[in-house]
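Line by line, the protein sequences are chains A and B. Residue numbers for the first sequence, in my numbering: 643 to 990. Residue numbers for the second sequence, in my numbering: 55 to 520.
To be clear, the hints were calculated from the coordinates, so they are not data collected in a lab. Treat the hints with care, since some could be wrong.
[As the list claims (entries may be wrong)] Subject to a maximum C-alpha distance of 27 Å in a straight line, what follows is the list of computed DSS-like cross-link-like pairs (lysine-lysine):
#, chain 1, residue 1, chain 2, residue 2
1, B, Lys395, A, Lys652
2, B, Lys143, B, Lys293
3, A, Lys652, B, Lys343
[Stated by the list, open to error] Covered stretches of chain A, going by a simulated chain B footprint (3 or more residues, C-beta under 8 Å):
#, region
4, 657–668
5, 671–680
6, 821–835
7, 944–958
[What the hints assert, rightly or not] Away from chain B, derived, C-beta distances all over 12 Å, residues of chain A:
#, residue
8, Gly647
9, Val688
10, Val713
11, Asp743
12, Glu765
13, Phe791
14, Gln841
15, Ser848
16, Tyr904
17, Ser905
18, Leu908
Yeah, the Cβ is synthetic: ideal placement off N, Cα and C, and Gly gets one too.
One letter stands for each residue in the lines below.
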Amino acid sequence: MGGFGRFLVKRSINMVIVLFATLVLTISLLGPTMDKILVDAIKFYVVEEINQKELQFQNLDERQTYINERVELQITTLGLDEPWYTPKRFTNTVLKVMVLDLGNSNYLTSDTGSPNVRDIILEKLPKTVLLFTTSTIITTIIGLYLGAFVANRAGSLWDRLNSAFAVFSGSFPIWWVGMLMIFAFAFTYAIFPSHSTPQTAPSDPSYVFDLLYHMSLPLITMVLVSFGSWAFMVRYFVVGILSEDYIFAKRAIGIPEKKILYSHALRNAAPPIVTIIALSLAASFGGAITVEAVFDWPGMGRLYYDAIGFLDIPIIIGLTYVSTLIFIVTVFVTDIAYAYFDPRVKVT
Amino acid sequence: MTVSAPHNVLSRHEIIREFSRSKSGLVGVAILLALIGVTIYSAVAIPLESFRQWNSPDFWIDLPRAAAPSWVNIGFGPKIPEHTVLYMKDATITSFEEGPLRAVIHSYNVNFNYDFYPSDFMFLYSARYGNTQPVLQVDIIRPDGKEFLIYFASLPSSQEKVNEFSARVFSTDRSIVENLREKESVFSYDQDPSRPQVMIFSDAQESKVLKGKYVIRMTFYLFDPQDSVQNSGIRLGGKVYGLAGTDELRRDLAVGILWGAPTALFIGFTVAIAAVLIGLIYGVFAGYKGKRTDEGLMRVSDVFYSLPALPILIILSVTVGRSIFLITGFLVIFGWVGMAKVSRSLALQLKNMQYVEAAKLMGQSDTNIIFKHIIPQLLPLTFASIAIAVPGAILGEAALSFLGLGDPSIPTWGQILHDANSAGAAARGLWWWIVPPGMMIAITGLAFALIGNALDSILNPRLKKI
Numbered sequence: 643m644g645g646f647g648r649f650l651v652k653r654s655i656n657m658v659i660v661l662f663a664t665l666v667l668t669i670s671l672l673g674p675t676m677d678k679i680l681v682d683a684i685k686f687y688v689v690e691e692i693n694q695k696e697l698q699f700q701n702l703d704e705r706q707t708y709i710n711e712r713v714e715l716q717i718t719t720l721g722l723d724e725p726w727y728t729p730k731r732f733t734n735t736v737l738k739v740m741v742l743d744l745g746n747s748n749y750l751t752s753d754t755g756s757p758n759v760r761d762i763i764l765e766k767l768p769k770t771v772l773l774f775t776t777s778t779i780i781t782t783i784i785g786l787y788l789g790a791f792v793a794n795r796a797g798s799l800w801d802r803l804n805s806a807f808a809v810f811s812g813s814f815p816i817w818w819v820g821m822l823m824i825f826a827f828a829f830t831y832a833i834f835p836s837h838s839t840p841q842t843a844p845s846d847p848s849y850v851f852d853l854l855y856h857m858s859l860p861l862i863t864m865v866l867v868s869f870g871s872w873a874f875m876v877r878y879f880v881v882g883i884l885s886e887d888y889i890f891a892k893r894a895i896g897i898p899e900k901k902i903l904y905s906h907a908l909r910n911a912a913p914p915i916v917t918i919i920a921l922s923l924a925a926s927f928g929g930a931i932t933v934e935a936v937f938d939w940p941g942m943g944r945l946y947y948d949a950i951g952f953l954d955i956p957i958i959i960g961l962t963y964v965s966t967l968i969f970i971v972t973v974f975v976t977d978i979a980y981a982y983f984d985p986r987v988k989v990t
Numbered sequence: 055m056t057v058s059a060p061h062n063v064l065s066r067h068e069i070i071r072e073f074s075r076s077k078s079g080l081v082g083v084a085i086l087l088a089l090i091g092v093t094i095y096s097a098v099a100i101p102l103e104s105f106r107q108w109n110s111p112d113f114w115i116d117l118p119r120a121a122a123p124s125w126v127n128i129g130f131g132p133k134i135p136e137h138t139v140l141y142m143k144d145a146t147i148t149s150f151e152e153g154p155l156r157a158v159i160h161s162y163n164v165n166f167n168y169d170f171y172p173s174d175f176m177f178l179y180s181a182r183y184g185n186t187q188p189v190l191q192v193d194i195i196r197p198d199g200k201e202f203l204i205y206f207a208s209l210p211s212s213q214e215k216v217n218e219f220s221a222r223v224f225s226t227d228r229s230i231v232e233n234l235r236e237k238e239s240v241f242s243y244d245q246d247p248s249r250p251q252v253m254i255f256s257d258a259q260e261s262k263v264l265k266g267k268y269v270i271r272m273t274f275y276l277f278d279p280q281d282s283v284q285n286s287g288i289r290l291g292g293k294v295y296g297l298a299g300t301d302e303l304r305r306d307l308a309v310g311i312l313w314g315a316p317t318a319l320f321i322g323f324t325v326a327i328a329a330v331l332i333g334l335i336y337g338v339f340a341g342y343k344g345k346r347t348d349e350g351l352m353r354v355s356d357v358f359y360s361l362p363a364l365p366i367l368i369i370l371s372v373t374v375g376r377s378i379f380l381i382t383g384f385l386v387i388f389g390w391v392g393m394a395k396v397s398r399s400l401a402l403q404l405k406n407m408q409y410v411e412a413a414k415l416m417g418q419s420d421t422n423i424i425f426k427h428i429i430p431q432l433l434p435l436t437f438a439s440i441a442i443a444v445p446g447a448i449l450g451e452a453a454l455s456f457l458g459l460g461d462p463s464i465p466t467w468g469q470i471l472h473d474a475n476s477a478g479a480a481a482r483g484l485w486w487w488i489v490p491p492g493m494m495i496a497i498t499g500l501a502f503a504l505i506g507n508a509l510d511s512i513l514n515p516r517l518k519k520i
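Generate coordinates for the entire structure from the input sequences, incorporating the hints supplied.
Printed below as a string of structure tokens:
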């Protein structure tokens, strides 16, 4: 296990480096904007405070001096007098985010009213996971069976239809198909709601059903756009395996064709397919932004879209970090599982 | 999708011969040629001005709001009036003189064969004159021979010696309504002069549209030899317009969709070529050098592989800038990793080939070996990779534009869809605003995917049917 242990350590170090690099990149890009927004907010609150207390000043100059003093004081207390790139503040921000201490948002709050970025993200995360996992599972099942089906009939009309559909649906922007689906099935034929945010309160017992009903249109769209390429990919692996000698041997013994296809061939094609499933699921957050924006699905992608609109920097940093984290951990786990279960993978 | 390793090296002629046998590849090439044709057409036929003025509402003022494409009239259903805009160049111009008086007549012929009334109409004119004000008279000669004088007024007086005056007269103008009151007796039923667009285009006997050829005659009476008519025009408001209709801001969608083609091709090609070449050189260098260099370079590419592309693209366009060139650059940053991984693994195989070893023994430099002996072997793969990388780049830019973060000064397909989505085009049934731009994105992506897949299956015969 020495080799495997070294592999583990190497991969873990790699993972931390990638996370750190993402964070440094994100914070360096957003740092200047972040400071400007914070200082503006302080100024706003100081003026607001003066107006509320109805303080009297002899002239405008005196009022301005008072405001400046208060703003300076707050800036020093918050440590904003140093720019964001000083080692102290930079390491501080990076370390805080790395341990998921994401601070408070500037504008957006969670449904319960909490401004804590971690609370907001934890509230949205399950919804993105629900939608994308469900769609990936359905797509995978359809893809596996359809892929195996056409692989067995390579070169037939079904096979060619499937390949054509795969290439065709793969070039469609999913958010555009979403717009068409909303146009067709929410307005022309009012079957599904046009906005996917449920109207009932989360505490209501019927909330679950409402959520599932609102989920159906984005779900159908995602499955429709992606199952073709899935089937095409499964076909590619299964066709390769079906030409192996041991499959011919099984045929020669007289094992039923169906059993060979769905049990032997699919099982042997499974490792690469499982890897791709895991990676595509982990990477789906990127696509989640456009899909959730089109369907108004209350998940992380929608939150990211809103945060960009409001320039809510803490949320943007938090979401970017969390999505990178999810992706990297998934890659890590799949790599290890793959290396552990498939000895052919070179452990280097 | 990445391209896997070639199993055997094919010559250029073999690849071209194989490619010309691949139906899907030829379809891809045909679509690509059509898109290039569209690009050339839009560069030649559409005035560059309409492209630059895409986001200025004044430029599109004469077009209808949210009008369907005019080809919806093809078929047997009722015909919806087409939006018609005619300028001086479309008019028949005659003039006659009577002593000091000179009359310049601009007459416009309009074939009105639709089943609905126009939604409104408008005249525009522009004249240059001195102290004596010209008079403008507008008559409409209907297909049934009846002549309606609808407008007779002098142009505003000028203070200066020479004055150019331009104005628009809308169908809601009070004097048009007043003039039409005298024509109520023409109709055998009640007509409402406050809706001139209905009254003028109505049958005299029953309440329906009078179809046929209308002549709209704008007569300018000029009293000074120095005076002249600079321009004139008429606009008949309709519900359908042009090849692709118009959007909420009256923009001609055909212009946006046609101009989208060069932009998409530019982004697709630039990003794909730059990213694939960077990935190729990076990967080959890492693979050839091996050891520590390889290890270090691969760690760097792992970082890029794990970065969430769209979120970081969004951050970049918000903080750094969103010009088309910047966006192209950002897309390259995320595009090269796949190619780097593939070309590294191939370089690992190639560097142990005898001819590479021989070149090394002969004392050739590393750069020389990489560029002269290894990279040429990978050129077919490079072309396939470029073709396969193009749709990703186009989709990436479209997604950014769709989120409202694209270059605001250029019409792109993603941006048209962004505008459609924020104007609620789906809810309002404005399908012509949603379907064509997305179709163009899909077709462009499809062309490159077909070419790329065809090349790929030539290089990897295993992909083909057994």
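Okay, the hints, checked on the actual structure:
Of the supplied pair hints, the one linking Lys395 (chain B) and Lys652 (chain A) holds, its CA atoms being roughly 19 Å apart against a limit of 27 Å. Restraint check: the Cα-Cα separation between Lys143 (chain B) and Lys293 (chain B) comes to about 24 Å, which is no more than 27 Å; the hinted pair holds. A distance of roughly 21 Å separates the Cα atoms of Lys652 (chain A) and Lys343 (chain B); the hinted pair therefore holds under the 27 Å criterion. With 6 residues carrying a beta carbon less than 8 Å from a beta carbon of chain B, the region 657–668 of chain A meets the three-residue requirement, and the given coverage holds.
Counting residues of the region 671–680 of chain A whose C-beta sits closer than 8 Å to any C-beta of chain B gives 4, which meets the bar of three, so the coverage hint holds. Residues of the region 821–835 of chain A with a Cβ under 8 Å from some Cβ of chain B number 7, which satisfies the need for three, so the listed coverage holds. Only residues whose beta carbon comes within less than 8 Å of a beta carbon in chain B count, and the region 944–958 of chain A has 5; three or more means the coverage holds. The claim that Gly647 (chain A) is not at the interface with chain B holds, since no C-beta of that chain comes within 12 Å of its own (minimum 18 Å).
Consistency note on Val688 (chain A): stated as away from chain B, and its beta-carbon is indeed over 12 Å from all of that chain's, at 27 Å minimum. The beta carbon of Val713 (chain A) sits about 25 Å from the closest Cβ of chain B, which is more than 12 Å, so the claim that it is off the interface holds. A cut-off of 12 Å between C-beta atoms confirms that Asp743 (chain A) is not in contact with chain B; the least separation is 20 Å. Listed as a non-interface residue, Glu765 (chain A) keeps its Cβ farther than 12 Å from every Cβ of chain B; the least gap is roughly 19 Å.
Non-interface call for Phe791 (chain A) relative to chain B: holds, since the shortest CB-CB distance, roughly 15 Å, exceeds 12 Å. For Gln841 (chain A), the shortest C-beta to C-beta distance to chain B comes to about 17 Å, beyond the 12 Å cut-off, and the non-interface label holds. Annotated as non-interface, Ser848 (chain A) keeps its C-beta farther than 12 Å from every C-beta of chain B; the closest such distance is 26 Å. Residue-level check passed: Tyr904 (chain A) sits 19 Å from the nearest beta carbon of chain B, beyond 12 Å.
Every C-beta of chain B lies more than 12 Å from that of Ser905 (chain A), the closest at about 21 Å, which supports listing it as non-interface. At roughly 17 Å, the least C-beta separation between Leu908 (chain A) and chain B is larger than 12 Å, which holds for a residue marked as non-interface.
Of the numbered hints given earlier, the model fails none.
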